[in-house]
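J.: Fit chain B to the supplied structure of chain A, relying on the hints for placement.
Chains as they are written, first to last, in numbering that gives the first Met the number 0: chain A, 0 to 271; chain B, 0 to 712.
Hints are computed from structural coordinates only; laboratory data are not their basis. Please note: incorrect hints may appear among the correct ones.
As the list claims (entries may be wrong) - Heads up, simulated EDC-like pairs for lysine to aspartate or glutamate below, C-alpha to C-alpha not over 16 Å straight-line:
hint : chain 1 : residue 1 : chain 2 : residue 2
1    : A       : Lys58     : B       : Glu20
2    : B       : Lys647    : B       : Asp661
3    : B       : Lys647    : B       : Glu262
4    : A       : Lys58     : B       : Asp19
5    : B       : Lys403    : B       : Glu355
6    : B       : Lys600    : B       : Glu305
7    : A       : Lys57     : B       : Asp19
8    : B       : Lys316    : B       : Asp585
9    : B       : Lys600    : B       : Asp661
Residues per chain are reported as follows:
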Amino acid sequence: MTSFFTRRLVLSLVTAAVAGGLVAAWLLGRVALRPVAMYTGWLLLVLLLGLTFFNARKKLPFIPLFSASTWLQVHIYAGWLACFVFLLHTGGRVPSGAVEIMLAAAFGLVAASGAFGLWLSRWLPPRLTRSGESLVYERIPMLRHRLVTEAEDIVRAAEAETQSTTLGDFHVRVLAGYFAHQPAWLAPLAGGDAEHHRVKLELEALRRFLSVREIQIADQLADLVEAKRNLDHQFAGQRLLKLWLFAHIPLTFALLVFTAAHVWLILQYSHR
Amino acid sequence: MRRLLQSIIYNRKLYDRPQDEWTCGRAAECQACVFGPGPKGECRATGQCLPAKKGDRWICTRPISLGAACEPGPMPDGSCGCPVPPCRPQRSLRAQRGRVTWLLFAFALGLVVLGILGRPAGEWSNPGPLSSHHAMSAQRCADCHLETGSLAITATARAARHEAHDQLCLQCHDLGPQPRSPHGVTGAQLAALARQEPADHGTRPLALAAVHALQPGGPKDLACASCHVEHQGRDFDLKRMSDQQCQVCHQTQFAGFERGHPEFKDYPYARRTRQRFDHVTHWQRYFPDAKLTGAGAPTSCASCHEPALDGRQMMVKNYEQTCASCHDGQIKGDGRTEAKGFAFLRLPGFDRAALEAAGEAVGEWPDRAALGLTPFMRRLLEGDPAARAALQDLGPANITDLAKATPAQKAAAGRLLWSVKGLIADLTTEGQTAILRRLGPRPAGAAAINRTGQFSAESLQAAQRAWLPNLLAEVAAYRRGEKPPAPAAAAAPAPAFSLAALEFDDAEARVAEGGWYRRDQNYTLYYKPGGHADPFLTAWLDATADDATPTAKAIFNQLSAETAPGVCMKCHTIDRVGGRQTVQWDTAQPQPDRRPFTTFKHTAHFSLMGDQGCATCHALDVEADHARGFGLNRDPALFQSNFTPMNKATCATCHQPAKAGDSCQQCHNYHTGDMKTLRLNPGTAPVLARPTAWSGDPSETRLYSLVAKNTRP
Chain A
0 MTSFFTRRLV LSLVTAAVAG GLVAAWLLGR VALRPVAMYT GWLLLVLLLG
50 LTFFNARKKL PFIPLFSAST WLQVHIYAGW LACFVFLLHT GGRVPSGAVE
100 IMLAAAFGLV AASGAFGLWL SRWLPPRLTR SGESLVYERI PMLRHRLVTE
150 AEDIVRAAEA ETQSTTLGDF HVRVLAGYFA HQPAWLAPLA GGDAEHHRVK
200 LELEALRRFL SVREIQIADQ LADLVEAKRN LDHQFAGQRL LKLWLFAHIP
250 LTFALLVFTA AHVWLILQYS HR
Chain B
0 MRRLLQSIIY NRKLYDRPQD EWTCGRAAEC QACVFGPGPK GECRATGQCL
50 PAKKGDRWIC TRPISLGAAC EPGPMPDGSC GCPVPPCRPQ RSLRAQRGRV
100 TWLLFAFALG LVVLGILGRP AGEWSNPGPL SSHHAMSAQR CADCHLETGS
150 LAITATARAA RHEAHDQLCL QCHDLGPQPR SPHGVTGAQL AALARQEPAD
200 HGTRPLALAA VHALQPGGPK DLACASCHVE HQGRDFDLKR MSDQQCQVCH
250 QTQFAGFERG HPEFKDYPYA RRTRQRFDHV THWQRYFPDA KLTGAGAPTS
300 CASCHEPALD GRQMMVKNYE QTCASCHDGQ IKGDGRTEAK GFAFLRLPGF
350 DRAALEAAGE AVGEWPDRAA LGLTPFMRRL LEGDPAARAA LQDLGPANIT
400 DLAKATPAQK AAAGRLLWSV KGLIADLTTE GQTAILRRLG PRPAGAAAIN
450 RTGQFSAESL QAAQRAWLPN LLAEVAAYRR GEKPPAPAAA AAPAPAFSLA
500 ALEFDDAEAR VAEGGWYRRD QNYTLYYKPG GHADPFLTAW LDATADDATP
550 TAKAIFNQLS AETAPGVCMK CHTIDRVGGR QTVQWDTAQP QPDRRPFTTF
600 KHTAHFSLMG DQGCATCHAL DVEADHARGF GLNRDPALFQ SNFTPMNKAT
650 CATCHQPAKA GDSCQQCHNY HTGDMKTLRL NPGTAPVLAR PTAWSGDPSE
700 TRLYSLVAKN TRP
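The following block holds chain A by itself, in its conformation from the complex (with noise of 0.2 Å):
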C-alpha cells in the first residue's frame, strides 16, 4: 500500500514535471511569437472546468469514476498547476482591466480558499482526533441537548437520594450554563478552554462541602463536563472544516462567470 508521503512525493514530482514543461512551452512560444496567452488561457480554463467537476463529481457518486479519494488528489495537484498556469497566462502582470480585475480577485480568492482548505484539512483532523471522542458535525446539537439533560438528571437524582441541594444549587448557577453553551468561533482550537478550566475547578472546590455519595456524582458531573470540552472543541473544528467551501464554492461559480465573459471579450475583440 502506497504511504501517504510516497503518494505527496510522486504526485509533486508529476505536477513539478507538468510545471516544468509548461515553462519550457511557454518560454518557447513566447520566442517563437506565438500567442502563448492564448494558449496558456484555453489550458486554464480547461483547468478550471476539471477542477469545477470536483464538486459536480460529489453529487454523481452513482456514476463509476473512480473514487472521491482519487479525485481529491487530482483536485489538489490540478489546483496547483492551474495557479502556475495562471502566472503564466498573466505573464506576472497586473491586472487592470475591470473584468480582468474582477476575474484575478475571483481566481486568487479560489485559490487562496482552497489552499487555506486544504492546509485546514492537513493540519485539523489529528488535533481534533487527540482531543476525544470523534463526533458526527450535524448530530453535535443532539449530543450537547442530551448533556444538557443527562446533568439535569443526574442532579435531579442526587437531590432526591441526599436530600442535599448543594449539588442541585452548583447546576443551576454553574453547570446548567455551562452544557447548554455553544462555543465561540475559533476559542477552542485557539486553547480557548478558560470556561471549561473555571467550572473544573469550581466543582474541584465543591468537594469538601459534598458527602461521600455527593463526591461520585459530582465525579459523574467532571466526566460530563469534559464530554462537553471535547464536544465544543469538536464542533469548532469541524465547523472550520465545513465553513471554508462557503468561501471556495461559490466563488468558483462566480469565477466561472468572470471567465465566460473573459472568454467571450477575447473571442470578439482578441487580435491574436
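T.: Leaving out everything else, chain B in the frame of chain A:
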C-alpha cells in the same frame, strides 16, 4: 472515566441525511421525527411512527432508536398513538452553502450583464490602459477592434479576423507596399537574401535552437499583435522584443552581438557618394598644400560635415561652405580656352547652291554659315510638326553638302531652312513663350521652367538684325504662301556698332556672371552658366537625363560631358537605378519617410571618439580604386569607398550586455522601407486586402464587409 457520547449500537443510531435540503426543527432536542421535512421545507410530522395494518389490527412501527413499540399503540383509525407536535424545519448547512453559491453566481452574472448592457461598456471590457501612443483611441474601441460580427471560433474565422484587425492597424500606420511581410520586403527579396546568407548556427541559445527545430523559418502568420501587445499600461513599450524573438525567422541565429553576429559587410558604405569626392587625394594632396590652406582648405571633418537635426546622419555642408573656395572659378570657366557657354541657337550652314539648283526658294541666308544644328535648336524644331517632318525626310543627309542628296531630301532641306527661319522669327517675336510652346508639356518638377534660361528676345532680335535683317518679312510671306522677296544684299554680318567711340569687351566676357551672348562669326547664340547650381543647366540635365530620344540624349551628353561649361559632372554623379537615370544634385539627406534596416546616431557617439576623431571609425583606404566608381559608371552600387568598412569589433568595444547593451533593436528596425512612419491618416478609408488563405466562405465575406462598415468616429 471517559464519557462516550455517541452510541455504537446500530439500531440506536439515528440515520443522518446531511445532504438533504432541510433538517427537522426538533433534531437538536433529540426528538427528530422519523419522516423528516418535505423537499420544500414543510413539516411532515404526524406521530412517532406510521402504524401498519396487520389483519384487522393496527400495529405500532416506532423504531428502536425511539423506544420501539409504544404503550398506547395506534389509534382505532390507524393514526399514531404518540402524536408529535409540528416543528419548523431548519435549512441544512449544505443547502445554506448552495444558496450562497447561487447568490454569488447571480451577483457575478449581474455584474457582467450590467457591464455589457450598461453605458460604460467600453470601459468595462477594456482590459487595461492603452499606451500613450494610442491614447487618442482610449474611448474609441472601433479604431482598433471589429466591434460587430460573430465570435471568431474556427481557425479560418480567426485568421480572417486577424487580417481584418491588421487592416485596421494599417489604416493609421503606413508600412509600405508589403506591410505584413517580414521587414516589409517581398518574398522574392527574402528568398534572395536567404540564398546569399548561408545558415550558420554557431552559438545560439537553446530556446532558439528548439524553436528553429519545431518551426523552421519562423511563424507563418505574423499579425501586428504578434509583437505589439496593447492594453499593458500607458508607459508600456509596444516595441519591446527579445533578441531571440527577433531572430526566430532568421536562418542565421546567434547568442549576441559579440557572440555570433555576422561581421559587417561594407558597412556603412552601401552605395557610392552622390558627389564625386576623393577624400584620399583631397586630404593627402590638396588640403595640405600651404596655398590652399591659406585659401580656407578644411582642417578637420567638421569643416565640411555636420550632424543632421535628428543627430543620426552626418550631412555635407552646403557648396559655399565647402567646395566654393577652390572650385567656384572652375565652374564659371576661369582659365578655360574653349567657349564658356553652350551654343543654343545658330544659323546652320545650308548648301544654298544645291537648294537653288533644285528650285527651292532660300531667300536671305548667310553664305558663311557653316556649322550644323545645335541639339537645343533641334529640340525646339521638333516642337514644330513641319520641321519635325522635314528632319525626318532629310534623314542622314548633310545639309551643308547636298550634292549627293535625293530630290526629296533637297526638298526637305529647303523646308527645314524655312523652319529654322520660322523658329528664329518666333523666338524673336514671342521670346520665352515660343520656347515653352515648342518644348511641349512641362515635365515634373518646378525647376522645368528654368529651361528657358531667362531667354532674352531682345538679344536674339539684335542677332536677327545682324544676321537676317529681312527675316520677319520673309517668314511672314512664306507663311502666307507667297514667294519670299529677293534678298536686298548678301547676308553678311555687319560689325556691330563699328562707329562706336568706345571699345567693347568680348561678348563672352561681358556676361561674366552668366547669361546670353552671341558670336557673329559663326552665327551662334550662346548661354553661359552663371556659377554653381545654374538653373538653366540643372533644368535641362534633369529634363533630359531620363529621356531616350536622340535629341534629348545629345543635349544630355553635351551638358554632362566632364569638360562641358559649368563642369557639373566633375562632382555630381548620374545614377541609373531600375532603368531610370537621375542626376544627383544633393548630398545624402535625411529621409524621414524611409526607415533603414540599420540605424545609427552619430551625435550619441561623438563623446566616444578617440584621439583620431572621426577616423576612429572612418579610416581612409588609400588603396581603394575610388575613381573607378565614377566617370562613365552609372551604377551607384558599383564602387569602392574611400574608407575602410567599419568592423564589428569597433562597435563591440562598447556594445556588450553589461555596457551599452547589445539588443537587436538598438541598431536595427523591423519595419523598413519607404513609409510614413507612425503617421496618422485619419481620413483614409480602410483598404481591404484578402488574406492569402481566402476561401470565399460567406462568413469571411461578411467579416470583410464588417471591416468596411467599421468607420472611424
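J.: Hint by hint, note whether the structure agrees.
T.: Now the hints, each set against the structure:
Straight-line distance between C-alpha atoms of A/Lys58 and B/Glu20 comes to about 13 Å, which keeps the hinted pair within the 16 Å bound. Distance check on the hinted pair: B/Lys647 and B/Asp661 sit about 12 Å apart at the alpha-carbon level, within 16 Å; holds. At most 16 Å may separate the alpha-carbon atoms for a hinted pair to count; B/Lys647 and B/Glu262 meet this at roughly 6 Å. Between A/Lys58 and B/Asp19 the CA atoms are separated by roughly 12 Å; this keeps the pair inside 16 Å, and the hint holds.
For a cut-off of 16 Å, the pair hint linking B/Lys403 to B/Glu355 stands: about 15 Å separates their Cα positions. Using a Cα cut-off of 16 Å, the hinted pair B/Lys600 and B/Glu305 holds, with the two alpha carbons roughly 13 Å apart. Between the alpha carbons of A/Lys57 and B/Asp19 the distance comes to roughly 14 Å, so the proposed pair stays at or under 16 Å and holds. Between B/Lys316 and B/Asp585, the direct Cα distance comes to roughly 11 Å. Compliance with the 16 Å bound is thereby established for this hinted pair.
Distance check on the hinted pair: B/Lys600 and B/Asp661 sit about 15 Å apart at the alpha-carbon level, within 16 Å; holds.
Violated hints are absent here; each numbered hint is respected by the structure.
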